[in-house]
Amino acid sequence: MDAGYRILPLVYDRWQGSYGKNFSELIFPRLLRTLRVHRISGPAMVDVACGTGTLALMMARRGWEVYGVDASEGMLACAASKVSRSGLPITFLRQDMRSLRLPRLVSLATSFFDSLNHLIAPEDFLSALRSVYAALSPGGWFVFDTNNERCFTQLWTKSETVTRREFIMTLANSYDRERRLATSEVTLTLKERGNHGQQVEMVRERYYPSAEIHAMLEEAGFVVRESDDFDFTESRGLGKIKTWWVVQKI
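In this note's numbering, the protein residues as written are 54 to 303.
Hints may be right or wrong, so weigh each one.
Derived BS3-like pairs: lysine-lysine, alpha-carbon spacing no greater than 25 angstroms straight-line [unchecked claim]:
(1) K135 - K211
(2) K293 - K74
(3) K244 - K135
(4) K211 - K74
(5) K211 - K293
(6) K135 - K293
Because the hints were derived from the structure by calculation, they are not lab data. From a predicted model like this one, the values you see are computed outputs, not experimental measurements.
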């Protein structure tokens, strides 16, 4: 199994906080609208590539029994610390999204913040879809997002430095349009506890055209109920850089 990210978890929530709100908080209203429109109800769900567990917490507070799955030990450690005293029905599992093994079938799966784009091989993307399909009860729903090409040409062609009192993070980004592959070299300098050393981690994503995703969803057994580009925040003026997917197991 892929070891997942080791450096990003050290500052992930604080990095997201530097933009005002983290991504889970920004897209949560859209998720709630989707659940209402399609009449999607519990009792159980899985958040695939759950990261530090923010969405898992928000869904558990609304009455869902939540499984949070991620490949990164560091992300899961952050998530577990958030829920340790909450008493909410959340179980975190360290697993690869291409081979989920849940204790029970669930009626809803989610996967946000372009997690599926991290699967740069199409066969891995399809394996993840099949894995989610197998984890769902009949008629179950999978709601997820992907980065569209506007996102990669707008954001992954520029570098960015985030400076906080506790750390400095530099993201050196590049996008190969011909190969549809994006790379971000993340350099983190921690300034807390006397630790001034630099650590480097590579983040890679692939752009999948909507037609290609549609075909893989159909091959995995899903029916697409909703697919549209959206602007998840107006604060940065980026436009519709993501695609929202609502699909159902039949």
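Quick rundown of the hints versus the structure:
no. : hint        : result
1   : K135 - K211 : 33 angstroms, violated
2   : K293 - K74  : 18 angstroms, holds
3   : K244 - K135 : 23 angstroms, holds
4   : K211 - K74  : 21 angstroms, holds
5   : K211 - K293 : 18 angstroms, holds
6   : K135 - K293 : 31 angstroms, violated
Going through the hint list in order, the structure does not satisfy hints 1 and 6.
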